[in-house]
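Can you build the whole structure from these sequences, using the hints too?
Here the sequence shown stands for residues 485 to 1245, where the numbers follow the numbering used here.
You may find that some hints are simply not true.
Said to hold, decoys possible - Across the chosen pairs, the derived CB separations fall in these ranges:
#1 Ala1117 - Leu1168: 38 to 44 Å
#2 Gly1018 - Asp547: 30 to 36 Å
#3 Pro537 - Ala1117: 30 to 36 Å
#4 Glu559 - Gly1141: 40 to 46 Å
#5 Glu837 - Asp754: 52 to 58 Å
#6 Val689 - Pro919: 45 to 51 Å
#7 Pro694 - Gln908: 40 to 46 Å
#8 Lys892 - Asp824: 26 to 32 Å
Stated by the list, open to error - Within a straight-line C-alpha distance of at most 20 Å, the following computed EDC-like cross-link-like pairs (lysine to aspartate or glutamate) qualify:
#9 Lys788 - Glu814
#10 Lys1122 - Asp517
#11 Lys509 - Asp1086
#12 Lys1070 - Glu654
#13 Lys776 - Glu693
#14 Lys633 - Glu939
#15 Lys788 - Glu693
None of these hints come from the bench; they were simulated from the model.
Backbone N, C-alpha and C fix where the C-beta goes; we use that ideal spot for every residue, glycine too.
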Amino acid sequence: MLERISEIQGVGLLHQANGKPFTCKGATLIYGDNGRGKSTLATILRSVATGDPLIINGCKTIDGTLPVKVNLQFENGHQVSFQNGTWSEKRPELLVFDAEFISRNVHSGGAVDTNHRKNLLDFALGDPAVAARQTVDAATSASKDASEKVTKITDQLSGHHVGMLIAQFEKLAQVADIDVKIAELQKRAAAAGNVAAIQARPVPVVIAEPTFDIDGLFEVLATSLQDIHAEAEQTVKLHVLKLGKPGAEAWLSQGRQYSDGSSCPFCNQDISSNELVTAYQTHFNAAYANLKSKVTTAEQKLLKDTADAIVTDFTRSLTVSMAQAKSWVEQVPTDDVTFDAVTAAANLKAFREFLIDLVSKKQAAPAEPFGSAGDKITASDLWSAFLSSLQTTNEALMGTALLINNYKTQLSGDSVVQLQQQIQLLQATKRRYDPLIVTLFTKLAAARLDAKTAEATKKTAREALETLMVAILAKYQIAINALLKKFGASFGIKGMNANFRGSAPRTEYGLLLRGKDVALEGGPPSFATALSDGDKRTLAFAFFVACTLDDPTLSQRVVVIDDPMCSLDMTRRQHTRMVLKQIRGKAKQIIVLAHDAYFIRDLRDAFLKEDKTLPIAIFRLEATTNGYTDFAAIEIDKECESIYAQHHRLLNQYSTGAGTDHKAVSNAIRPMLEGYLHRRFPGLLPKEHLFGQVVILIRDSTVPSPLCHAQNLVTELNEINDYAGQFHHDTNPDADSTVITPSELKTYVGRALDVIYKGTA
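Quick look at the structure:
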């Protein structure tokens, strides 16, 4: 537990703050106006919690002359200090909720990035997942080291297998007398010379011509309903043959006439689902559907086999073949081969449109036959007209290729390319079995095995951590949404999970606002635009509270909360107090910093209502010399008093002899009575009226005005006003020089209090 904030020097406005007179308790409430150093104090406590000196060094007093120095006293007088840029030790039991928690774990400037997700996961998992995280980190590091070792050895081998994959290089078989064989191949390659270079040139080839199954298409077009009946009849005939009795067909036909379709006319058995009886109709339906499918398939095949790309592809292939032919022009002069692509495309289109017309008619009436013998001849003629231009081009290509191949047959000798490939392969084999390379491959095999084992270990560790993360985050999602609901938020979170994208695990979650999904990034709408500042801080506070209340070590924690009401709606005050009560009941110590004195007073009362013996420390951060801040005492009830209550307290204390400030008391008589009358007659007395005017309103009131009930006080009020008015500038310009007689003042104080207490003069 933090017992005392003994000294803070050179940090923000806390340039020379002395906290030794103020002891911290199990519940410590610190009041401070905005901009008075509360966040700086929270930052100091965050710094000692993490042991990170950069946090506190970044808050050095801008115009200060003193070095950064902090002294904190924990339980049993244990001292922890920050001096010379470092903490004497860190205190990880401190949990701090402040603006830094929000910008580090939830969002910064309305944006949620990868670091926010990662940091939130670290905070959410807490100590229970420390071991699992350490295992994953160690396994990841080991896997990285093993992988780097494999890469290092692979890099050492890279210069020895140029032009060949390392896997191919590794598998090369050892060759006997390899130097002799390399020398022989080198001699043959030198002799091959130019012949090999010429032999290596490509020869143009005939371009593949398209085909089209006209017979198959017209067979589909000609299929009719009569053909389908024929198939069904064949099925019945097969059954008659199976019976093998004379007159069986007539017997079946006659018997079917007496059937009602559901029972046999001979034995009265149910035949509604008999396969033999329903075979005819079932087969007919299947055949009809099959026919429609064939027509559809035929159309698709027609469009594919007559696509314009056929002509385009043929033209492209011809360009390649002609380029190959031109590479031989010095040895084999040949004529250019041409192709009339425009005519070919027109012929193909005519063929396609002719057949599409027939297929469309067939689709409209599948049971009717289409495509006469004349149509088939026309289709064949159109296809032949299309093919003729392709065939003419191919015949010319064949002539060119024949001339080139005749020339090549005259050439003799080895292929230089093949010989060079054989030489390179043998040279690579020789390098492969160099003792240095053999040693490197032995090390590589061991490193690969280590890397495989390390990767398996990392995978197992990640799976274990992921299982833990899923369980924890699912629980937090429920707790966070419950908190948001009690805070009166109109949004919730969904899909809270974690993943290993990137170098470290991170949280994933979405927002649900008024039943609609809201993206954390992108949009609109997005996290940045859909939530108010209060909503964003409420979400962050819910994250913090859910994780904190679930912390199994909370009983040993010091929970520090900076301005829990900052940017929060007034409607959330009550539940904020409830949450802080929960934390106080479970934590070793709670420290709340707030700019709202009423909130601190109400929080104190809430704590005491639950435990009247609870030790509570309340002090403040107060402005001091040069605008800096120091610790100071505060009477929180006085801080929260209304003006009327303050005046009443002054008069009451003076009447009992406890007060000695005659001037303050004399000035308080009239405003106290004004406050009393405004409270007795709310809404009936104008606020801008002076005391004398108020008395006149009462004096002149008539029934049924409630002011009539105070007419018995008019004389007394006027007499008190005559006395008290001499101390106010609105009635006496020389009020400051008026002499006050204590005994007289005490008399009028008593008379004023009697008006309030007795309601009579």
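Hints and how they fare:
1. The hint said 38 to 44 Å for the Cβ distance between alanine 1117 and leucine 1168, and at roughly 41 Å that hint holds.
2. Taken as a hint, the range 30 to 36 Å holds for the pair glycine 1018 and aspartate 547, whose Cβ atoms sit roughly 34 Å apart.
3. Remark: the range hint 30 to 36 Å for proline 537 to alanine 1117 is upheld by a beta-carbon distance near 31 Å.
4. Take glutamate 559 and glycine 1141: their Cβ atoms lie about 44 Å apart, and the range 40 to 46 Å holds.
5. Take glutamate 837 and aspartate 754: their Cβ atoms lie about 55 Å apart, and the range 52 to 58 Å holds.
6. One distance hint, 45 to 51 Å for the beta-carbon pair valine 689 and proline 919, holds here, with the actual separation near 49 Å.
7. Distance hint for proline 694 and glutamine 908: a CB-CB separation of about 42 Å, consistent with the stated range 40 to 46 Å.
8. Judged by the Cβ atoms, the range 26 to 32 Å given for lysine 892 and aspartate 824 holds: they are separated by roughly 30 Å.
9. At most 20 Å may separate the alpha-carbon atoms for a hinted pair to count; lysine 788 and glutamate 814 exceed this at roughly 41 Å.
10. In summary, the hint linking lysine 1122 to aspartate 517 is supported, as the alpha carbons are separated by about 16 Å, within the 20 Å threshold.
11. Restraint check: the Cα-Cα separation between lysine 509 and aspartate 1086 comes to about 17 Å, which is no more than 20 Å; the hinted pair holds.
12. Under the criterion of a C-alpha separation no larger than 20 Å, the hint pairing lysine 1070 with glutamate 654 is inconsistent with the structure, at around 65 Å.
13. For a cut-off of 20 Å, the pair hint linking lysine 776 to glutamate 693 is broken: about 30 Å separates their Cα positions.
14. Distance check on the hinted pair: lysine 633 and glutamate 939 sit about 13 Å apart at the alpha-carbon level, within 20 Å; holds.
15. With a CA separation close to 15 Å, the supplied pair lysine 788 and glutamate 693 stays within the 20 Å bound.
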